[in-house]
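Enquirer: So the sequences go chain by chain: A and B. FYI, the numbering for the first sequence is 1 to 314, going by my numbering. FYI, the numbering for the second sequence is 1 to 161, going by my numbering.
Because the hints were derived from the structure by calculation, they are not lab data. Please note: incorrect hints may appear among the correct ones.
In silico lysine-lysine, DSS-like type, Cα no more than 25 Å apart, as pairs [to be verified]:
| hint | chain 1 | residue 1 | chain 2 | residue 2 |
| --- | --- | --- | --- | --- |
| 1 | A | Lys184 | A | Lys264 |
| 2 | B | Lys119 | A | Lys236 |
| 3 | A | Lys48 | A | Lys70 |
| 4 | A | Lys261 | A | Lys187 |
| 5 | B | Lys53 | A | Lys89 |
| 6 | B | Lys53 | B | Lys119 |
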Amino acid sequence: MPAQGWRGRDVISILDFTREDLCSLFEAAERMKRLLSEGRLPRLLEGKIVALAFFEPSTRTRLSFEAAAKRLGAETIGFTGEEAVSVAKGENLADTVRMLDGYADVIVIRHRYEGTALYAAEVAEKPVINAGDGKQHHPTQAMLDLFTVKELFGGIDGLVYGVLGDLRFGRAASSFILGLTLFKPEKVYLISPPLLRTRPEVRVRLEEAGIRYEEVDRLEDVLGELDVLYVTRIQKERFPDPREYEKVRGSYRVTRELLEKHAKPGLRVLHPLPRVDEIAFDVDETSYAAYFIQARNGVPVRMALLSLVLGAEV
Amino acid sequence: MAPSEGLLVRRIREGTVIDHIPAGRALAVLRILGITGREGLRVAVVMNVESRKLGWKDIVKVEGRHLSSEEVNRIALIAPTATINIVKDYRVVEKKRVKLPPVIEGIISCTNPTCITRKPREPVRPRFRLLSEHPLRLQCVYCGTIMEEEDVLEQLEEQGG
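One chain only, chain A, in its complex shape (with noise of 0.2 Å):
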């Protein structure tokens, strides 16, 4: 049965949906990697196409978007980059998020201005599907990510979150963050330099949700209390001035040897990837090692949202 609510749905913001839905969303995508595991691929969108308008470059979201369309039997159409469409030529983003509506069942967008995917929502009459938005929002992300820690843990709550790297600029760092106040972890770390502390606005919803939380400077303070410890990039294209972006650059490092000396044994480490160098790759190989997995989850949850959102049987 279609989850109740999901048809139709524009998926902006991790906020916009309730732990009931999230749930019925990792329901759903653990269906989906089962079937995927047995080979078996369900063609539940068979005639829908997905516009995939990615306005700034992407690789993985979009490969894994594009995959999990083209598993469940739909088309895809888009471009990357703006000089791939009539942007170029000046065309404003509300007429091509008009174009797209009239040729696609869903539109998938990320664009490198916060508040576009709100904003081609309100333009475009299918759902749209924030891809990530400059360094505001990536709610599918947080919603692979989340289910990560699920499959590892057995679920979300009552675990310490450790959410290290670009908190400022960072939105897979931002919306995992806001997506863990819809539940109820033990405590989360915001472990940055303080130039890249938490914005306002994120801060603001973890004191509204009641959620203990501190800001730490260094992850040796607080690595032995963890159970998941969520790294990001320092994203050099977010800095507004590059001047910021050379004081903070290669401000933390996450080693083999930092972990075995300070973790938890069963520490997981989460990544959005890509990685540029703040997980050494000595880390790869030990147990504490879980963004492989999570990189993985991104077709099968991403084929999930697409199935609940364009109301497919799942």
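Given chain A, put chain B in place with the hints provided.
Expert: Quick look at chain B alone, frame taken from chain A:
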């Protein structure tokens, strides 16, 4: 109206008196109302007069113009203490307190330079959710940026200048 103020500007026959504006913000109030002085309306601006309630205050009198409730609400952004007096035939026939609506649209811009509302050539109006009235805190509906009272005042005063 304080008697001392009555000496400065004569009473109006028909129109609106915006009283109890925090001192120094009268020009920004005019700006919010889109009054430039070129409309042909008789406008009186009195600044930095004594006030029992506020210590010091500004007053704006606009002859021949009544304010819509939306305009009244806009004034609350910059002058939350203001009172609006509707004058007919030299008498105050109605007195209103300003109150901010839950959503404020199209008056101020988001301070975030990469908010979609700042993108050139997009037909999108800035829209803010009211988080708190005292102190003023607004949140951009599109990008989530929180604007504090000083951001709003700075912007409205710049526009007024």
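Enquirer: Indicate, hint by hint, whether the structure satisfies it.
Expert: Evaluation of the provided hints:
{"no.": "1", "hint": "Lys184/A to Lys264/A", "in the structure": "21 Å, holds"}
{"no.": "2", "hint": "Lys119/B to Lys236/A", "in the structure": "21 Å, holds"}
{"no.": "3", "hint": "Lys48/A to Lys70/A", "in the structure": "10 Å, holds"}
{"no.": "4", "hint": "Lys261/A to Lys187/A", "in the structure": "22 Å, holds"}
{"no.": "5", "hint": "Lys53/B to Lys89/A", "in the structure": "58 Å, violated"}
{"no.": "6", "hint": "Lys53/B to Lys119/B", "in the structure": "43 Å, violated"}
Hint check: violations occur at hints 5, 6; the rest are consistent with the structure.
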